[in-house]
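Novice: Each chain is listed here by its residues.
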Amino acid sequence: ETGVTQTPRHLVMGMTNKKSLKCEQHLGHNAMYWYKQSAKKPLELMFVYSLEERVENNSVPSRFSPECPNSSHLFLHLHTLQPEDSALYLCASSQDGGRQGGGYTFGSGTRLTVV
Amino acid sequence: KNEVEQSPQNLTAQEGEFITINCSYSVGISALHWLQQHPGGGIVSLFMLSSGKKKHGRLIATINIQEKHSSLHITASHPRDSAVYICAVSIRRGAQKLVFGQGTRLTINP
Chain U
219 ETGVTQTPRH
229 LVMGMTNKKS
239 LKCEQHLGHN
249 AMYWYKQSAK
259 KPLELMFVYS
269 LEERVENNSV
279 PSRFSPECPN
289 SSHLFLHLHT
299 LQPEDSALYL
309 CASSQDGGRQ
319 GGGYTFGSGT
329 RLTVV
Chain F
240 KNEVEQSPQN
250 LTAQEGEFIT
260 INCSYSVGIS
270 ALHWLQQHPG
280 GGIVSLFMLS
290 SGKKKHGRLI
300 ATINIQEKHS
310 SLHITASHPR
320 DSAVYICAVS
330 IRRGAQKLVF
340 GQGTRLTINP
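Protein chains in written order, with the working numbering: chain U, 219 to 333; chain F, 240 to 349.
Hints in this document: simulated from the structure, not taken from any laboratory. Check before you lean on any hint, since a few could be wrong.
Unchecked claim - Just so you have them, the derived chain F footprint on chain U, three or more residues with Cβ under 8 angstroms: (1) 263-276; (2) 321-333.
To be verified - Partner residues aside, some chain U positions facing chain F, computed with beta carbon under 8 angstroms: (3) N248; (4) P260; (5) L306; (6) L308.
Quantities reported herein were computed from a predicted structural model and do not represent experimental measurements. Quick reminder that beta carbons are idealized off the backbone N, C-alpha and C, glycines included.
Could you put together the complete structure from these sequences and hints?
Specialist: And the structure:
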């Protein structure tokens, strides 16, 4: 365990379903991130929350909706997804944008398949 | 062209060999990260560096800020080192964020 816990590890959902991904960290970090990793592509930043406020939304479609209720929890709500949204979704946290010595800590990811 | 380029994309070697993975970037950065991703997806941070060289066990990371280049070396490689190694740079574009290379898939054969 890295200190960042993601659930579920695997998720299969239909295009009409609504589901949520959960990320939890108890490292005392003040920033949390959602990244998407598609096959054969570099990781892409989706959202950044700093001090529970969304500070970056990287042109992500509205069918992805993040929520950060407190500094330890981050959610990604999914609805009416497309098959091309199938990917590994990774959560990460950092203190002060990774500029502190600890860098970034990643979760194990949720492998999402949209059918 | 990606802002972060890694080479090689794939590398297969025999156990015990000295491994070098390269990373070049084209933007101003505050730090460079080397990450390791095992099958199953989880990512582990290996190094964060902004100058010089860092060593941890059999892993060594170097960075040349003037040339915008970093290398990750593995000495006495072992099959358990088989993974995808990812270079990422910290930039400030709006919020502080990471920009990733495409990764290098390393396979060490016994």
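Novice: Taking the hints in turn, state whether each one holds.
Specialist: The hints, checked one at a time:
1. 263-276: Holds: 5 residues of the stretch 263-276 of chain U have a Cβ under 8 angstroms from chain F.
2. 321-333: n = 8 at 8 angstroms, threshold three: holds.
3. N248: violated, 12 angstroms
4. P260: Where the cut-off is 8 angstroms and the nearest Cβ of chain F is about 4 angstroms from P260 of chain U, the hint holds.
5. L306: holds, 5 angstroms
6. L308: Status holds, d = 7 angstroms.
Checked against the numbered hints listed earlier, the structure breaks hint 3 alone; every other hint is satisfied.
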